[in-house]
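Numbering (UniProt numbering), first residue to last: 1 to 67.
Honestly, the hints are just simulated from the structure, not real lab data. Any given hint could turn out to be false.
[As the list claims (entries may be wrong)] Straight-line distance between alpha carbons at most 27 Å, and here's what the computed DSS-like set of lysine-lysine pairs gives:
| no. | residue 1 | residue 2 |
| --- | --- | --- |
| 1 | LYS19 | LYS5 |
| 2 | LYS5 | LYS48 |
| 3 | LYS66 | LYS48 |
| 4 | LYS19 | LYS66 |
[To be verified] What follows is a list of derived Cβ distance ranges for each label pair:
| no. | residue 1 | residue 2 | range |
| --- | --- | --- | --- |
| 5 | ALA55 | GLY12 | 28 to 34 Å |
| 6 | GLY46 | MET1 | 27 to 33 Å |
| 7 | LYS66 | PRO26 | 15 to 21 Å |
| 8 | ALA15 | ASN56 | 26 to 32 Å |
| 9 | PRO58 | THR38 | 15 to 21 Å |
| 10 | LYS19 | GLU39 | 15 to 21 Å |
| 11 | GLN57 | THR3 | 28 to 34 Å |
| 12 | MET1 | PRO26 | 14 to 20 Å |
| 13 | ALA25 | GLY65 | 28 to 34 Å |
| 14 | ASP54 | LYS5 | 15 to 21 Å |
| 15 | PRO37 | MET1 | 25 to 31 Å |
| 16 | GLU13 | GLY46 | 17 to 23 Å |
| 17 | ARG50 | GLY14 | 17 to 23 Å |
| 18 | GLN28 | ALA67 | 17 to 23 Å |
Note that this is a predicted model, so its numbers are computed, not measured. All C-beta atoms in this analysis are idealised placements derived from N, C-alpha and C, irrespective of residue type, glycine included.
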Amino acid sequence: MSTGKLQEWNEGEGAGRIKDDQSGAPLQFSSNDLRNPTERRNLHRGDKVRFEIDANQPNHAIEVGKA
């Protein structure tokens, strides 16, 4: 599992962006990609998160959760 920093999170839209610690690449994700949907309200810019990179969409994170 990879780690990164939450750069942006819009709870209302359920969309955000992570900066991958390893590559520095920006990764998009949505509330549907959260490991635990209840974390939606507890995500904040700057949070450290863990995630997997979607094999079908390399700029998309899945299984996102707080680290």
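Hints versus structure:
{"no.": "1", "hint": "LYS19 with LYS5", "verdict": "5 Å, holds"}
{"no.": "2", "hint": "LYS5 with LYS48", "verdict": "5 Å, holds"}
{"no.": "3", "hint": "LYS66 with LYS48", "verdict": "6 Å, holds"}
{"no.": "4", "hint": "LYS19 with LYS66", "verdict": "14 Å, holds"}
{"no.": "5", "hint": "ALA55 with GLY12: 28 to 34 Å", "verdict": "29 Å, holds"}
{"no.": "6", "hint": "GLY46 with MET1: 27 to 33 Å", "verdict": "19 Å, violated"}
{"no.": "7", "hint": "LYS66 with PRO26: 15 to 21 Å", "verdict": "19 Å, holds"}
{"no.": "8", "hint": "ALA15 with ASN56: 26 to 32 Å", "verdict": "18 Å, violated"}
{"no.": "9", "hint": "PRO58 with THR38: 15 to 21 Å", "verdict": "28 Å, violated"}
{"no.": "10", "hint": "LYS19 with GLU39: 15 to 21 Å", "verdict": "18 Å, holds"}
{"no.": "11", "hint": "GLN57 with THR3: 28 to 34 Å", "verdict": "19 Å, violated"}
{"no.": "12", "hint": "MET1 with PRO26: 14 to 20 Å", "verdict": "18 Å, holds"}
{"no.": "13", "hint": "ALA25 with GLY65: 28 to 34 Å", "verdict": "19 Å, violated"}
{"no.": "14", "hint": "ASP54 with LYS5: 15 to 21 Å", "verdict": "19 Å, holds"}
{"no.": "15", "hint": "PRO37 with MET1: 25 to 31 Å", "verdict": "18 Å, violated"}
{"no.": "16", "hint": "GLU13 with GLY46: 17 to 23 Å", "verdict": "19 Å, holds"}
{"no.": "17", "hint": "ARG50 with GLY14: 17 to 23 Å", "verdict": "19 Å, holds"}
{"no.": "18", "hint": "GLN28 with ALA67: 17 to 23 Å", "verdict": "18 Å, holds"}
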